[in-house]
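**Student:** Please work from the sequences and hints to get the whole structure.
Taken in order, these protein sequences are the chains called X and F. Heads up: the first sequence begins at 1 in my numbering, then just goes up one per residue. Heads up: the second sequence begins at 166 in my numbering, then just goes up one per residue.
Just so you know, the hints here were simulated from the structure itself, not pulled from any lab data. Here the structure is a predicted model, which means the values were calculated and not measured. We treat Cβ as the ideally placed atom computed from N, Cα and C, and that holds for glycine. Honestly, I wouldn't trust all of these hints.
Only part of the chain X face toward chain F is listed, based on derived beta-carbon distances under 7 angstroms [said to hold, decoys possible]:
#  : residue
1  : 27
2  : 60
3  : 78
4  : 79
5  : 80
6  : 85
7  : 89
8  : 113
9  : 119
10 : 120
11 : 124
12 : 126
Residue-level listing of the chains:
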Amino acid sequence: MITRLAAIAPAQLPHVAEADRDYVASEMSAFLGAWLSALACPVMNRPFVPSLSGPVWRREQWVRLALGLDIPVAPVRLALRPGSPMPAPPPPGEACVRLDVIGRAVIGHGHPRLRAHARRLADSAMALLGVFFDADDGHARFVGADRWPDLSDRSIGDAVMESLS
Amino acid sequence: MSLRPSRPVLLWGSPLDLPIAAVCTALSRLGTPMFLVDQTRAGETSIEIDIEIDGVLGGWIQVGDQRCALDLVRSVYARPQDAARAVDEALACWLELTPALVVNRLSAMGSNSSKPYQSALIAKAGFAVPDTLVTNDPDALRAFGGATAASSTSPAAVFAASSRAWRRTMPTGWPGSPPARPSSRNTCRAPTTACM
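**Tutor:** What follows is the structure, given as structure tokens:
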């Protein structure tokens, strides 16, 4: 089983009466969270109820996890003034390296130490995870994570199929 | 004369909410310093969270002209009415990170969103749970027998299976209410569109 939805959104239910859409979406997410959690087969990513696919963490939470695993990180600051929206995390810079952990495979080019960091992060969070570092050398710092690796990438797709078979 | 703790207890919610009000009253009686992040004053609330490279978690939260240093907070009682605003989302994030005692982190309350999931967790912890049916099939519901408790699968509604209350909250097209007979069974109603 591979899950690419974090939740059922009311907008995904145009066939449901509008007045019931929020309720039905909530019910479907609740049911699917229980059902996916109970599956004995390989599930990527396992639900983290209420999320249907792994934990929905902010960058600050990922950084804290990385620090707990002794992985070097770039410090983060989240500042909000009254009425201001939640800032989106900055996109990874051009020098950033991305490694995708897909089950037992680590896909992408990077120093072996970074590959080990990515492996440990995924082992602590979810089986299907993109991990960003700010450089490709062994001293690079963790800067963020992406729980939606690109399945259209051939090597990622192959690794997913291998993990699920 | 006893020494009173100087580090505040942070409360997050509405002062109109009875449990929050009760905790405020109790802390006042004990002389324990507290800081209320009052959700009815969300428009006056700001927050800053810092995670340093050495892992130190700093920052502050301010409501009106009152500011609380987050690293001084000794414990938290969180009972937000919702956490949809940006400042609530940031505070929820801090709750997940702080080493302070938190009752409860929102992640710990996540299982509330799925009653069958929560029921499975309770069973896994060794407690007896009622037989439970999750269905959108009226015949399956009838075959299951009497239900003393009927519930939506999500936290949208929980109520005894009195037919009036049941019908009042049913989405369009739900065929009817379950019979209310004594039993130790639960039903969780899945939506008519669920893939079962």
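**Student:** The structure should be examined with respect to each hint, and the outcome stated for every one.
**Tutor:** Hints, one by one, checked against the model:
1. 27: Constraint on residue 27/X satisfied, holds at 4 angstroms.
2. 60: With a closest approach of 5 angstroms, the residue 60/X hint holds.
3. 78: holds (4 angstroms)
4. 79: The hint holds - residue 79/X has a Cβ within 7 angstroms of chain F, the shortest such distance being about 4 angstroms.
5. 80: holds (5 angstroms)
6. 85: holds (5 angstroms)
7. 89: Given a least distance of 12 angstroms, the restraint on residue 89/X is violated.
8. 113: Not OK, violated: residue 113/X not within 7 angstroms of chain F, min 17 angstroms.
9. 119: This hint is violated: residue 119/X lies away from chain F, its Cβ roughly 21 angstroms from the closest one there, beyond 7 angstroms.
10. 120: violated (16 angstroms)
11. 124: Violated, about 14 angstroms.
12. 126: violated (14 angstroms)
In summary, the structure is inconsistent with hints 7, 8, 9, 10, 11, 12 from the numbered list given earlier, while agreeing with the others.
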